[in-house]
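If you read the protein sequences in the order shown, they are chains A and B. Each residue of the first sequence is one higher than the one before, counting from 1 in our numbering. Each residue of the second sequence is one higher than the one before, counting from 1 in our numbering.
Simulated from the structure, these hints should not be mistaken for lab results. Virtual Cβ for every residue (Gly too), placed ideally from N, Cα, C. The reader is advised that the hints may include incorrect statements.
What the simulated footprint calls covered on chain B by chain A, stretch by stretch (three residues with Cβ under 8 angstroms from a Cβ of chain A suffice, anywhere in the stretch; the number is not a length) [what the hints assert, rightly or not]:
1) 7-13
2) 131-143
3) 261-268
4) 319-329
5) 353-363
6) 366-375
7) 438-451
Which residues of chain A face chain B? A partial, calculated answer using Cβ under 10 angstroms [said to hold, decoys possible]:
8) L77
9) Y79
10) G117
11) P135
12) F159
13) V163
14) G242
15) G255
16) G256
17) P258
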Amino acid sequence: MCTMLGCRSRICLDSDMAKDADISGDLQDAVVRALQAGESLRICGSGSKGFLLSSNNGGETSVSSRLLSVHEHAGILSYRPEELVITARAGTRLSDIEQVLARHYQRLPFEPPRIKGAGTLGGAVASGLAGPGRPWSGSVRDSVLGVEMLNGLGERLIFGGQVMKNVAGYDVSRLQVGAFGTLGVLLSVSVRVLPVPPTERTVVQAVGPAEALARCRTWARSAYPISATAYLDGLLRVRLAGAEAAVSDATQALGGDPRDESIFWRQLRDHDLDFFQQEQPVWRCALPPAASAPLQDCLIVWGGGLRWWRTSLDPLEVRKTVGEQQGSAQIFDGGFGRCRLAGVGSAQATYQQRIREAFDPHGLFNPELTRRRAD
Amino acid sequence: MNHPDVLERLRSVLGRGLITDPKALKPYETDGITAIREVPWLVALPDSEAQIEAVLAVCREHGVPVVARGAGTGLSGGARPVADGLVLGLSRLNQILEIDLENAVARVQPGVRNLAITEAAAAHGLYYAPDPSSQIACSIGGNVAENSGGVHCLKYGLTVHNVLGVKLLCIDGQVLQLGGKLMDSPGYDLLALTMGSEGMLGIVTEVTVKLLPTPPCKRVVLAAFSEIAGAADAVGAIIAEGLIPAGLEMMDGLAIQAAEDFVHAGYPTDAAAILICELDGVAAEVESDLALVSRILKAQGAFNIRVATTVEEQERLWLGRKAAFPAVGRISPDYYCMDGTIPRAKLAEVLASIGQLSEQYGLAVANVFHAGDGNLHPLILYDSNQAGQLAGAEEMGGRILELCVAAGGTVTGEHGVGVEKLDQMCVQFGSAELEQMHRLKAAFDPQGLLNPGKAVPTLTRCSELGGMHVHNARLPFPNLPRF
Ligand SMILES: Cc1cc2nc3c(=O)[nH]c(=O)nc-3n(C[C@H](O)[C@H](O)[C@H](O)COP(=O)(O)OP(=O)(O)OC[C@H]3O[C@@H](n4cnc5c(N)ncnc54)[C@H](O)[C@@H]3O)c2cc1C
């Protein structure tokens, strides 16, 4: 067990993990109790992304918030490979899900990060971070089909379902993606899965960042079976995936040095490359893929659409550079969750506040993430 | 409400873009589902964003309900007017603002037709993937509001997967710029929330869509089965094999015959069901997938497998499918199109149950649908001039949707709830979910001016309906809206 220490203090290791269990009744009770006592709750899965939530690096989060740990609420509820859908309790470890999927040659399309190896389905959905394949196999919300959740009134609600096409009512399921739990506690999630491509190979090309972007742009307009791109330190890696013949043809056509780079892609997905382990702050910048800046000191993925920028520049400078390119930037460390939710214009901020009140009128869930900044 | 004042202010904003003449209002009384009608008080046809904003301001100040309308091809009564309200027709905002090749996106006004985007992008080797069968007519704003699909959404996704940005004008006059040319934005995912919101949360005034490279190679295969169940099971078998075809469509005997008589697509009229499967991508991939699909189809008992050898033949195979609705329209005075989605594994079972309902109600059903997605479109054939047939068709339609919910599916895959499926929403959702949706709506539109009475039923309606279900009674006046 690893529940009581707080999301930031400890990462749940494999051996810590609870077995399949339905603790939704306890979770619901805890929400109702908090509601009655006027307390707030800090929702936590395995704790792997706790660092995204805390307000700054060393400091603890709000002391008055009680911890609501979902990680014991685990287990796969249904999986039918021919339906391309899996439903699992929110506390289910991503690694458990992927293991089961792999037996049927399937995978999670959005490649969620395993920070320090851990991560739950609920956490992946709540934080909404997609991996290197995002432009080709979709974002986290693209894959979400349905959720079961507790709102801030302690009601247990079901939205969406297990089918690909569903426009019955508002898409409340996808609204949960990236909301960092501020609209409710996810109990279970149904996600779309995809077949594992029969062949995967990476070609590596030595180029500068501008040329790397130019190539990505050309490829976005042609039909190569690309499944990810990453530029770092003078090397452009292009992951090709599909039928053997198609991948071979593309390897030839693109040129460069074909290799097995699966470790690189995994480290990229899990933010485990050396790039992320430096002293300087790293900014996560989403941009139109062709944006001409930032280029230097960047790890450039998503065909140019996402750039991790390691820089000591003043935050105002960073935001200005990215904003001029019609992009958005958040620093990727403690406080990311709050910056992510707050990094919107004033009209959207107003509506977010109203939506938050529609789901959680008493501000029960993760209040430190929606508090307006004092500065 | 001060009518003369409203009219005067709207006229000064819109000039000839304001319609008040009863004859001219008539075409706006219904959308694609013509059994549901209501003449609006006014129709506004703005030709700029500024005009839309001004119209909304007048409506807000005077409490006039606003029903957005794209091309009016919707199949759930979503754009059906309200009697004392204004229809906000967006067809004049039909400009493609930008085709940005560098970022492979198009920025368009809401009234742009779906197909027009692909036509504008085609010269650059790009296209917009979602392709509803109504794509020559329907608008991108309507597509966003319904989260529309098409025959290729198995592989390429729905509108939600292909739209990167939306400008949403809220009833209080604030503008939300959601997303843009980028793939990830901070804040709550209001872009996803806008998809399928049926004009209830705001007016879509601009859309940025993703453009994809036109696949260099495409193959279309038709497989004929002597039993519906065989075709249904083949669908699951193809997907279980790890293939995601670009399209995988099914038609049953009645639909095959109707389409064949209408467009002579060369369909085998002795088949109980056909599957049309399209594979696309790079040549090497398509050829290896084609071999695999053909093997699976054979193993599943297809008695005739035909691979189109020319582009013309491919088009002909698709023509029959795309013309299937009008083809059915030729053999029956009226038809009622349903839109439930079910898990693929339940296809055979649910189609058999639909067959039983068809016998029970004495109304024929043609099935032509997106099998790969499990998205059924049973067309119930009826004659509105025969007493009781419309009521029978509507009741039977409701039963079909309830079958879909019971099979683990949903009452609408792509056509939306509108006014048509309000009752079935009561079957699919509990009161807590419905109340949550009402609170969400109120967060955007506290006065309830945007498309009132659509998409989410009131709890009163559901409880009254619940009572009726228990008594197993036929609904009185089933074609009247019940709020
Ligand atoms: C023959 C035929 C075939 C069809 N095939 C398909 C198919 O394959 N797949 C599919 O998904 N659908 C299909 N449809 C249904 C229909 O075409 C789609 O739902 C389409 O997206 C509706 O677009 P529209 O512009 O006609 O919208 P309308 O019917 O005018 O409006 C639909 C809804 O959108 C709202 N709305 C429209 N514009 C805006 C806006 N700018 N801002 C906010 N709200 C707005 C309206 O209020 C209404 O609720 C078909 C319809 C027909 C008649």
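Okay, the hints, checked on the actual structure:
1. 7-13: violated (count 0)
2. 131-143: violated (count 0)
3. 261-268: That given contact is violated, which follows from only 0 residues of the segment 261-268 of chain B lying within Cβ reach (below 8 angstroms) of chain A.
4. 319-329: violated (count 0)
5. 353-363: violated (count 0)
6. 366-375: n = 4 at 8 angstroms, threshold three: holds.
7. 438-451: That given contact holds, which follows from 6 residues of the segment 438-451 of chain B lying within Cβ reach (below 8 angstroms) of chain A.
8. L77: Violated, because the Cβ-Cβ distance from L77/A to chain B comes to roughly 12 angstroms (cut-off 10 angstroms).
9. Y79: Not OK, violated: Y79/A not within 10 angstroms of chain B, min 12 angstroms.
10. G117: violated, 24 angstroms
11. P135: holds, 6 angstroms
12. F159: holds, 6 angstroms
13. V163: holds, 4 angstroms
14. G242: holds, 5 angstroms
15. G255: violated, 16 angstroms
16. G256: violated, 18 angstroms
17. P258: violated, 16 angstroms
In the structure shown, a violation is registered for the earlier hints numbered 1, 2, 3, 4, 5, 8, 9, 10, 15, 16, 17, in ascending order.
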